[in-house]
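A.B. asks: Sequence:
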Amino acid sequence: MSKNTKSQRFWQGKGFYLALALVVAGAALTSFLAINGMVEQLGTNSTSQKIDGEEDIWLADQGAEVEKKQENIPIESSSSSQLQSASSSSQAPSASSAAPSESTTSQAVQEPSFTQPLDGKRLQGFSGDELVFNETMQDWRTHNGLDIRGSMNVGVQAPANGTVVAVYEDPQWGGVLELECQDVMVRLCGFEKISCKEGDTVEKGKTVALLGEIPAESSEESHLHVEITKDGKLVDPENYF
Numbered sequence: 114m115s116k117n118t119k120s121q122r123f124w125q126g127k128g129f130y131l132a133l134a135l136v137v138a139g140a141a142l143t144s145f146l147a148i149n150g151m152v153e154q155l156g157t158n159s160t161s162q163k164i165d166g167e168e169d170i171w172l173a174d175q176g177a178e179v180e181k182k183q184e185n186i187p188i189e190s191s192s193s194s195q196l197q198s199a200s201s202s203s204q205a206p207s208a209s210s211a212a213p214s215e216s217t218t219s220q221a222v223q224e225p226s227f228t229q230p231l232d233g234k235r236l237q238g239f240s241g242d243e244l245v246f247n248e249t250m251q252d253w254r255t256h257n258g259l260d261i262r263g264s265m266n267v268g269v270q271a272p273a274n275g276t277v278v279a280v281y282e283d284p285q286w287g288g289v290l291e292l293e294c295q296d297v298m299v300r301l302c303g304f305e306k307i308s309c310k311e312g313d314t315v316e317k318g319k320t321v322a323l324l325g326e327i328p329a330e331s332s333e334e335s336h337l338h339v340e341i342t343k344d345g346k347l348v349d350p351e352n353y354f
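Using this note's numbering, the first residue of the sequence shown is number 114, and each one after it goes up by one.
These are computed hints drawn from the structure, not numbers from a lab. One or more hints might be untrue.
[Said to hold, decoys possible] Okay, derived cross-link-like pairs now, PhoX-like style, lysine-lysine, Cα gap no bigger than 25 Å in a straight line: (1) 343 - 319; (2) 317 - 343; (3) 343 - 310; (4) 319 - 306; (5) 319 - 234; (6) 317 - 306; (7) 317 - 234; (8) 317 - 346; (9) 234 - 306.
Computed from a prediction, not measured in an experiment: that's the story for all the values here.
Whole structure, please, built from the sequences with the hints as guidance.
C.D. replies: Rendered as structure tokens:
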């Protein structure tokens, strides 16, 4: 048998298997190359991601340093601001604290003053709880008012703006006129004639009566007897005149 015949028989018997082996080897080589390419690509991506992450960390560190530098800048704290504000408030007078002073001043200006109802010498003063001897009655008693010397039938003025609350004749004090002036009651005694009546409003300095005699003190010089009551208690008239 010739060599060509033997070769043809070999390829006819084994050729199929050789071809299959070559196909499998080629497929394996192709798969290896594909897998190797994917590995290289994944390695490249991993390196890129690592670099990106490192850049982010570097930027974060730079930001931290900037913030630390800003913290070193001197900034006025809220507590020191509050202390300065409180100090300024304590030094500067507020409008509310100034208001009472203005109100007090206004009240002092608006408060009417008293005037002496008769221009004369002051004879006997207010004794309070002390007893004094009454020459006319020949006894010891308190003197509850102020005696002002004056001539008979001389005009007596209202000591302040007020309202007449009583007009009457008293056996010991003669003609009596009671006035409500501000927050006090004024009792004027020793009139001959009274020119106003109960309920009238009188003005300070206006003549309200003519001076007469005081029976309980007739042994003394002719005078006007003045009593002032505040909150139901007799007080010294000289505190008002």
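A.B. asks: Against this structure, judge whether each hint is valid.
C.D. replies: Right, here's what the structure says about each hint:
| no. | hint | in the structure |
| --- | --- | --- |
| 1 | 343 - 319 | holds (23 Å) |
| 2 | 317 - 343 | holds (19 Å) |
| 3 | 343 - 310 | holds (23 Å) |
| 4 | 319 - 306 | holds (15 Å) |
| 5 | 319 - 234 | holds (20 Å) |
| 6 | 317 - 306 | holds (19 Å) |
| 7 | 317 - 234 | holds (20 Å) |
| 8 | 317 - 346 | holds (23 Å) |
| 9 | 234 - 306 | holds (22 Å) |
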